[in-house]
Amino acid sequence: MEEVKQGGVPQKGRRRDQIIISTSITGIIANVFLAGFKAFVGAASHSIAIVMDAVNNLSDALSSLITIIGTKLAGRAPDKKHPLGHGRTEYLSAAIISIIVLYAGVTAFVESVKKIITPETPEYSALSLIIIAVAVVVKILLGLYVKKTGEKVDSDALVASGSDALFDSIISGSTLVAALIFLITGKSLESWLGAVIALFIIKSGIEMLRETLSSIIGERIPAELAMSVKDTINSFEEVHGSYDLIIHNYGPETLVGSVHIEVPDSITAHRLDELQRAITRKVLENTGVVMTGISVYAMNMQDEKIKKMEAFARKTTFTHKHALQLHGFYVDEPEKRVTFDVVVGYEEKDRQGVIDQIRSEMEKQYPDYKTYVTLDYDISD
0 MEEVKQGGVP QKGRRRDQII ISTSITGIIA NVFLAGFKAF VGAASHSIAI VMDAVNNLSD
60 ALSSLITIIG TKLAGRAPDK KHPLGHGRTE YLSAAIISII VLYAGVTAFV ESVKKIITPE
120 TPEYSALSLI IIAVAVVVKI LLGLYVKKTG EKVDSDALVA SGSDALFDSI ISGSTLVAAL
180 IFLITGKSLE SWLGAVIALF IIKSGIEMLR ETLSSIIGER IPAELAMSVK DTINSFEEVH
240 GSYDLIIHNY GPETLVGSVH IEVPDSITAH RLDELQRAIT RKVLENTGVV MTGISVYAMN
300 MQDEKIKKME AFARKTTFTH KHALQLHGFY VDEPEKRVTF DVVVGYEEKD RQGVIDQIRS
360 EMEKQYPDYK TYVTLDYDIS D
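Take the sequence shown: its letter number 133 is residue 132 in numbering that gives the first Met the number 0, and every next letter is one higher.
Distance windows between CB atoms, simulated:
hint	residue 1	residue 2	range
1	E334	E223	37 to 45 Å
2	K147	T291	27 to 35 Å
3	I98	G292	30 to 38 Å
Under the rule of at most 25 Å between Cα atoms (straight-line distance), these lysine-lysine pairs were calculated in the PhoX-like manner:
hint	residue 1	residue 2
4	K335	K307
5	K335	K314
6	K314	K348
7	K363	K314
8	K304	K335
9	K306	K320
10	K320	K307
11	K113	K202
12	K335	K306
13	K304	K369
14	K363	K307
Hints in this document: simulated from the structure, not taken from any laboratory. Idealized CB from N, CA, C, for every residue including glycine.
Working from the sequences, and respecting the hints, build out all of it.
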């Protein structure tokens, strides 16, 4: 079981941090050596494509350095100002890496355009081609290693770095092809290839930045995690359903959640307290999510009339194309009040209009009751 921070929030173990840092150091060393070799070959052969490839290797090394710094900062213990830790720092470091990649791409494109306007004839040697070929192999091996390690320890930064390295191997391979074309035909494609490489780098930077910003803004809970949490909760006999699951991400392995559970209206406060504690323990053990809030929907269990009212509510609700779920149905007989929640999909342009129609149909069918329908959003699977 994972180590736990103060307050019961799971934290990334030291082992994970060490793996990320050691992998990043390997990436730095490999990329610095590759950049040096490529810069030398590019300058000697007047190849802008190879020089730009060397610049890209330096940006990769810088990205690995930022990954190390981000991991160190994210691993700091919780404090009064940040009681849930500093795990989100990893996302900020990933955003910085994306900006660096984007800047490197723009710079490479500008330099390539300059060379297109004022071209230089490249001069290749057998040694330069061998170095480029070796660089391709090294990048493939490095990319596979970094990406696989990132997936193993759930590090988006490492996965991105590994994918970028694999992509770089394709770029370097293209440079090698351009060199061979020049040696065979005498036609230089260097500047144009440099521009194409730069555009691919820019595209990669934009995609990385978009994905990172999406994580910072807050994404939908992965379906597998949502179903695992709900299955764990629903495994308790008294729980007849779990809804409105929200999980907040405070880092790759620091997840805090809340949920509504549907239980019989006859359950005692003592048993409900035991149930909530047991659910919290089991969800943490099975999924690593800390359930800080478990709210309750009471179920009418005995009255046949109320069961028919719920059946009508469901029938009315699901006549609407984008109505996804009805839950929390409860009738307060003394007060003549009906309450329930309806989840309406984002495809529906007038979600509140759907809710108003459902409420109107219920009050038309049961005029003696006041109906309250809450609009719920499609937050989790």
